[in-house]
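Protein chains: 4
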Amino acid sequence: MDGLKYSSDVTVQLVKHSASDEDVAFAARVSTLGERSLEKTEKLEGLINFLIRERHGSPFEHSTMTFYVKAPIFVWREHMRHRMASYNEESGRYRVLEPEFYVPGKDRKLVQVGKAGAYTFEEGTSEQHAITLVSYRRTCKEAYANYMDMLAAGVAREVARGVLPVTIYSSAYVTMNARALMNFLSLRVSFEGSHFPSYPQREIEMVAENYEQIFKELMPITHKAFIENGRVSP
Amino acid sequence: MDGLKYSSDVTVQLVKHSASDEDVAFAARVSTLGERSLEKTEKLEGLINFLIRERHGSPFEHSTMTFYVKAPIFVWREHMRHRMASYNEESGRYRVLEPEFYVPGKDRKLVQVGKAGAYTFEEGTSEQHAITLVSYRRTCKEAYANYMDMLAAGVAREVARGVLPVTIYSSAYVTMNARALMNFLSLRVSFEGSHFPSYPQREIEMVAENYEQIFKELMPITHKAFIENGRVSP
Amino acid sequence: MDGLKYSSDVTVQLVKHSASDEDVAFAARVSTLGERSLEKTEKLEGLINFLIRERHGSPFEHSTMTFYVKAPIFVWREHMRHRMASYNEESGRYRVLEPEFYVPGKDRKLVQVGKAGAYTFEEGTSEQHAITLVSYRRTCKEAYANYMDMLAAGVAREVARGVLPVTIYSSAYVTMNARALMNFLSLRVSFEGSHFPSYPQREIEMVAENYEQIFKELMPITHKAFIENGRVSP
Amino acid sequence: MDGLKYSSDVTVQLVKHSASDEDVAFAARVSTLGERSLEKTEKLEGLINFLIRERHGSPFEHSTMTFYVKAPIFVWREHMRHRMASYNEESGRYRVLEPEFYVPGKDRKLVQVGKAGAYTFEEGTSEQHAITLVSYRRTCKEAYANYMDMLAAGVAREVARGVLPVTIYSSAYVTMNARALMNFLSLRVSFEGSHFPSYPQREIEMVAENYEQIFKELMPITHKAFIENGRVSP
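Residue numbers (my numbering), protein chains in the order written: chain A, 1 to 234; chain B, 1001 to 1234; chain C, 2001 to 2234; chain D, 3001 to 3234.
If you are wondering where the hints come from, they were derived from the structure by calculation, not from laboratory data. The hints are all genuine.
Derived DSSO-like pairs: lysine-lysine, alpha-carbon spacing no greater than 27 Å straight-line:
#1 Lys2141(C) with Lys1141(B)
#2 Lys1043(B) with Lys3115(D)
#3 Lys3005(D) with Lys3109(D)
#4 Lys141(A) with Lys3005(D)
#5 Lys141(A) with Lys3141(D)
#6 Lys3115(D) with Lys1224(B)
#7 Lys43(A) with Lys2115(C)
#8 Lys5(A) with Lys106(A)
#9 Lys2115(C) with Lys224(A)
#10 Lys2224(C) with Lys115(A)
#11 Lys2141(C) with Lys1005(B)
#12 Lys2043(C) with Lys115(A)
#13 Lys3043(D) with Lys1115(B)
#14 Lys3115(D) with Lys1040(B)
#15 Lys3141(D) with Lys5(A)
#16 Lys3040(D) with Lys1115(B)
Quick caveat: nothing in here was measured; it's all calculated off a predicted structure.
I would like the entire structure built from these sequences, with the hints used as guidance.
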């Protein structure tokens, strides 16, 4: 035991939201407060399918979702390339970071085949899994010990953190509207459909799958139209 | 009577929101669901004041507000220069536009004094008010009659609308987060404080004042900190 | 003669640019200054086609173009819905606007057939053209006369301009990067290909066609890949 | 010798640009091609100072700069929070990352004093410097050895990179316009002026200082107005 905590998961919680299929229709029709009344499902389906098919994306921007997400730093590095989102991440300048690290789980495919932009993955042998686990644990242990050494010597947190590996967990608040979220999902969930294949790294896909499940519950008609139009963001 | 409707107002309705002072604190601290509990007011005040003073704007982005707004086109033209917002405006390509026009009211100051960038306004004589009212009504009447003539002749709505004046009313859904809204308010409400004076056109200021009243009710501590820090957006 | 100037055109000038196919490759490869050397065409074609097909849009963002554009206000109203762009428009608050108005030309199809979102247009009879021309001229004349009356009476420019029709010309500087421009073109040039049909209003399409011609000259390989991938923005 | 390369610097190269003080004036005045002629300096100074003082930021958006930057990952993590910018970073999914690591130099102040949001830094003893250097080297060596072990065993690059520390160097292309750049500088260069103090981490400040030097050379009048107005971005 080295006192460090390892996990092969990510955490996604819905913190709050202002999102519904009805809101999409109200926005598309610019309804006043008085005109906002519950839409019949069949009408909503037709309208929302039309909006996605014809790439009228703006009505989806009025539905927002705020998530609490805990994921390794290498996931955040990809996540924050999505600029149509709001972020607040915990700060390694102001706090000592906890020794919690992501390690690939047994079901994480380890071997890359094919070429850049169209990789696929294969299982990996039990030896490869063992080497990975040992390498991660060995490095995390060394890194965190050195981090603590520097802190103990009075070195600033922002300097000491430089040795921490990108697999350390970090938490953030993320707010996206439904349009931005569909764009995120179209790029960060594997999809081999004809027009827009997508080959995300598995760990950000785990975050994206959690988002998609929540999105599907909050906006089932929009989600269905998104799927049926080939996972293309409007 | 010419069958046209004139008004000197704008309409702003809060359609929905996901905004509160507590949410700012939860975001700044990256609180998990379990950690989210009502904050004591005095602590909130200190934190929010610190965030605005030090320009940590991101915690304010997780609070969103959706408005239904009805205003003349010349207001929309200025409003849509604000890109950190989501818009759905009713379409003159798909619908016949109603004959509803903004005319300056009796309390609208008509005479500009001073120089570009720092205009101030004076009342205007009753003659100036009379000329303005007559000019507006005469033009709106002529324009709308010509619009209807073209429609009656089978000309497309998107072509016929070209003759309509920028004072015709149009409606839209507008979603902004609290950070973008503070930026909007800092530029679109008159303010002659030392650092960042602002000289908005009165009609967009009318929209902004409505926004500010709603914002103040939803997020009183944030609004207070915004005011006390000189109406500067973080 | 009424002293007003009518035209059926839009103006688009390339003011400056920092755009080339090579720059896309340098960005995709994160080349240092020393590594930047002219790429062979066949390699560039393969890389750029790959980037567009796989939706790697970011390498196209480092190529920017600045345009001077003169177009009627109803075109600007649509144009400014594109938020990934920078705008500076001449101000009707600070200057007296010139009496220059757009009127639909003889080749502007006037009659809309089909349904919302998938309109097509037909010629229009000579009578319809005549009514349109007369209606435009009559309204513009009345509006501009009233505008001048108010100015003559000392009413502020920002108030007087309210009567001007949306067909009056206005000028602006527009800067877009190649990614944003492809998005603009994908939505604002007619296209009836299978996946993403587009039905823009003719007048904004005239601006877009001008943009596309310039874009094609500056970045021929990128433009070709854009076309061959179905006019989809990456 | 461990075969790794250490450095205490960052690299910033100007790759290309379309930026000048004159362009700001042309944009502010919406000049046609014919009207674009070299402005007299004293006029430019007055106009640009006015624009910054009155927060008319849009004329600065038409001037863009593209940089090649090499910096440790912990700098990129802060840099990419700036969303008004375009990024292309080298990929650890497609390439094996080089063993080049940032270590704090002798002049890097190591000890943090004061409280959150207003930290200042003090030198640090030679012991603290020694501990820091040893801790960095020890961790980087261990991490890179484990990275290579996994690669040698056939583990995918995107998995193996998880052990690399945030102090490893990474390169990217960054394009910003002058308005976004001034915002970046206002937050990422230390400034203790009255209204908007700024306390950036030293390493991102090193990047920002390089940007500022280039910006000052390309747009000296804009830079001067930025400074004289208290380093506030318009």
